[in-house]
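> Our numbering puts the first residue of the first sequence at 1, with every later residue one more than the last.
Worth flagging that the hints you see were computed from the coordinates, not collected in a lab. Among the hints, erroneous ones may be present.
[Claimed, not checked] The calculated DSS-like cross-link candidates involving lysine-lysine, where the alpha carbons are at most 27 angstroms apart (straight line), are:
1. Lys-370 to Lys-8
2. Lys-205 to Lys-86
3. Lys-172 to Lys-205
[Said to hold, decoys possible] Computed beta-carbon distance windows for the label pairs:
4. Gln-9 to Gln-114: 39 to 49 angstroms
5. Asn-296 to Gly-155: 36 to 46 angstroms
6. His-154 to Gly-291: 17 to 27 angstroms
7. Arg-377 to Glu-232: 20 to 30 angstroms
8. Glu-238 to Asp-359: 15 to 25 angstroms
9. Lys-159 to Glu-302: 23 to 33 angstroms
10. Arg-74 to Lys-107: 23 to 33 angstroms
11. Gln-365 to Arg-212: 30 to 40 angstroms
12. Leu-301 to Gly-42: 17 to 27 angstroms
13. Arg-377 to Arg-177: 43 to 53 angstroms
14. Ala-356 to Phe-243: 27 to 37 angstroms
15. Ile-259 to Ala-356: 11 to 21 angstroms
16. Asp-359 to Glu-309: 35 to 45 angstroms
17. Glu-238 to Ala-356: 18 to 28 angstroms
A quick note: this is a predicted structure, and the numbers were derived from the prediction, not measured. Even for Gly, the Cβ is constructed at its ideal location relative to N, Cα and C.
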Amino acid sequence: MSSFTLYKQEGTARRGMLSTVHGDIQTPVFMNVGTSAAIKGGVSTYDLKQIKCQVELSNTYHLHVRPGEDIIYRQGGIHKFFNWDKPVLTDSGGFQVFSLAHLRNIKEDGVTFQSHMDGAKVYMSPEVSMQIQSRLASTIAMAFDECPSSVAEHGYIAKSIERTTRWLYRCKDEMDRLNGLEETINRSQMLFGINQGGVYPDLRKHHMEQIRQLDLDGFAIGGLAVGETADEMYHIIEEVEPFMPKDKPRYLMGVGTPINILESVDRGVDFFDCVMPSRNARHGNLFTSEGLLNLNNNKFLEDSRPIDEKCDCPVCRTYTRAYIRHLFKARELLGMRLCVLHNLYFYNNMMEEIRAAIDGGYWKQYKEEKVEAFSQRV
RNA sequence: GGUUCAGUAGUUCAGUUGGUUAGAACGCCGCCCUGUCACGGCGGAGGUCAGGGGUUCGAGUCCCCUCUGAAUCG
1 MSSFTLYKQE GTARRGMLST VHGDIQTPVF MNVGTSAAIK GGVSTYDLKQ
51 IKCQVELSNT YHLHVRPGED IIYRQGGIHK FFNWDKPVLT DSGGFQVFSL
101 AHLRNIKEDG VTFQSHMDGA KVYMSPEVSM QIQSRLASTI AMAFDECPSS
151 VAEHGYIAKS IERTTRWLYR CKDEMDRLNG LEETINRSQM LFGINQGGVY
201 PDLRKHHMEQ IRQLDLDGFA IGGLAVGETA DEMYHIIEEV EPFMPKDKPR
251 YLMGVGTPIN ILESVDRGVD FFDCVMPSRN ARHGNLFTSE GLLNLNNNKF
301 LEDSRPIDEK CDCPVCRTYT RAYIRHLFKA RELLGMRLCV LHNLYFYNNM
351 MEEIRAAIDG GYWKQYKEEK VEAFSQRV
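Required output: the full structure, derived from the provided sequences and hints.
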């Protein structure tokens, strides 16, 4: 029995809800990235509730390196540690093996690579990743996969996805075992599998057909937005979507721009996460209803309007562009914080609008208007 | 008033025994960022080398004068 309920569809766009032990998640949803159990830029869990955040995402690898999953376990799990009672998804560390390990050694059993913190050797395997995520006690754990470059050769990826499938079986077995242990904090921890296959439709479909054999709580599309064009990414989603279970949530990992999200919702994706709103905010780049705004631009020096005149976020109701630009130029931490709050609100609010549009039956029209608006610059 | 030191980009300074188109850092301007190592990355604009005169094939660099600032002595 699935904990995912599909309320409505318009074309391939879906409106649903995932029930978890930490509450319901209305989809489509954007997950706010807090890698080390913290949203970068000084955003607290009090703030997260103000900006309509439903799900927070943290990272197995980072929390393993610091402070270590045993400390979080003894603190009662990530929810108590982080003071966040809503759902948390933990990424498995597979992507970090790809993105930040210079010296890595991928073998059948697992991966050895160097920690970005101190250069110490770190070993991760499907079992180790599940054990860490179980100790963290997140709501949703991600499978430990290999994330090759999306433009890697067909031959390499063909072999890689076979191993990722074998790893997924190991993840599933280990997760079942851990959920059966008395000492496990969250014995209802969910597991999402991850589809790979680069930009090759045949590999994507083949891999999806393999991994859907497992009784998982959701399925992710990984390995996109890492070098290929947006059109290639959309094409892959279109190719693989018919092979994804209808009654399980779909998660497009690491994506993306507001337009990427609109286009992907339209192609049947339910879950998203991306560092873009927070990272761009820290660099002064803001998302608005009128398009992209670079607060560093000189033209905002004496601009007494809010970041986005149509935005109801706590920042836009209170502060001017001129002031936040000043904070930014003066490198006051508050500037970064306000920009991150705005961008995350923008994303979470957009998802709320998307859900309302599908509910209301005006999704296509909404999507087209927004894609047009978000292509502009302020 | 005397002596010494200094004056080079918006700022702080490099600049070889005189030798192509005077550099850096910060600041400024713009672009980038997609399962976060990153208040980061990339690019750009900006100089009558205080002013004038001289020596020299050639002066930011050597000489003289003027101006400005600092220190110090009376």
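> For a C-alpha distance cap of 27 angstroms, please report whether Lys-370 and Lys-8 respect it.
holds, 21 angstroms
> Between Arg-74 and Lys-107, does the beta-carbon spacing fit 23 to 33 angstroms?
holds, 31 angstroms
> What's the verdict on Lys-172 and Lys-205, does the C-alpha distance respect the 27 angstroms limit or exceed it?
Roughly 21 angstroms between the alpha carbons, so the hint for Lys-172 and Lys-205 holds.
> Does the beta carbon distance between Ala-356 and Phe-243 stay inside 27 to 37 angstroms, or does it fall outside?
holds, 29 angstroms
> Can you tell me whether the CB distance of Leu-301 to Gly-42 sits inside 17 to 27 angstroms?
holds, 24 angstroms
> Please test the hint of 11 to 21 angstroms on the beta carbon pair from Ile-259 and Ala-356.
holds, 19 angstroms
> Check whether the Cα positions of Lys-205 and Lys-86 lie no farther apart than 27 angstroms.
Cα-Cα ~33 angstroms, so violated.
> Taking the Cβ atom of Gln-365 and the Cβ atom of Arg-212, is their distance within the range 30 to 40 angstroms?
holds, 33 angstroms
> Quick check on a hinted range of 20 to 30 angstroms for Arg-377 and Glu-232, using CB atoms only.
With a Cβ separation near 24 angstroms, Arg-377 and Glu-232 satisfy 20 to 30 angstroms, so the hint holds.
> Is 43 to 53 angstroms right for how far apart the beta carbons of Arg-377 and Arg-177 are?
Check passed, 52 angstroms falls within 43 to 53 angstroms.
> Between Asn-296 and Gly-155, is the Cβ distance one that fits in 36 to 46 angstroms?
holds, 44 angstroms
> Regarding Glu-238 and Ala-356, is the given constraint of 18 to 28 angstroms on their beta-carbon distance met?
holds, 25 angstroms
Violated hints, listed in ascending order, are 2, 6, 9 and 16; each of the other numbered hints is respected by the structure.
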